[in-house]
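Visitor: Using this note's numbering, the first residue of the sequence shown is number 2, and each one after it goes up by one.
When the alpha-carbon atoms are kept at most 27 Å apart in a straight line, the in silico DSS-like pairs for lysine-lysine are as follows:
#1 35 x 57
#2 35 x 81
#3 35 x 48
#4 67 x 37
#5 108 x 48
Computed Cβ-Cβ distance ranges for the label pairs, DEER-style:
#6 136 x 83: 30 to 38 Å
#7 111 x 31: 16 to 24 Å
#8 135 x 54: 34 to 42 Å
#9 106 x 83: 37 to 45 Å
#10 147 x 68: 17 to 25 Å
In case anyone wonders, no lab produced these hints; they're calculated from the structure.
Here the structure is a predicted model, which is why all the values come from computation and not from measurement.
We put the CB at the ideal spot given by N, CA and C, even for glycine.
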Amino acid sequence: MRRIATLAVTTGLAVTCLGALATTADAAAGGTWKTKDGYSSVSANGKWARSSSSVKVTGAIYDHKKNGYAPAVQFLAREKGKRDHYSGMVVLYRLANGKRVPFDAAKGGGHVGTVFSSTNTDRLYVRECGYNIKTPKKSACSNTWKRIYKVR
2 MRRIATLAVT
12 TGLAVTCLGA
22 LATTADAAAG
32 GTWKTKDGYS
42 SVSANGKWAR
52 SSSSVKVTGA
62 IYDHKKNGYA
72 PAVQFLAREK
82 GKRDHYSGMV
92 VLYRLANGKR
102 VPFDAAKGGG
112 HVGTVFSSTN
122 TDRLYVRECG
132 YNIKTPKKSA
142 CSNTWKRIYK
152 VR
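Based on the provided sequences and hints, a complete structural model is requested.
Guide: Here's what the structure looks like:
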């Protein structure tokens, strides 16, 4: 009788511990991100928050050189069994006479707000881009993706 009771208690403890581990892995997480040195004239940073069903990224983008390009970033979210989710270029704009104009200055930048959200939550990457102000089709992104986090 004691053996059965001991086995029942041990099994119950094991199930409880495994449940706690699974909950911890799926619990909400968050942190900060920063771009890698893809372009010397662009930098960006911010925060990310991930739940079991989505990821949301906020941040700021900065320009360090007046060169005909507005600073921008692009995000990539991946999850096994799903298509990769790429963001469009997130470009830093300024207001000029009530209109949004791509920002190109020798120094400056600032808060952009929510820059990306996705339902792919396993891995998140970022890379720097330059948005060509005169010819947007000639805009480019660096080849270097920086991993922000990896769950699995």
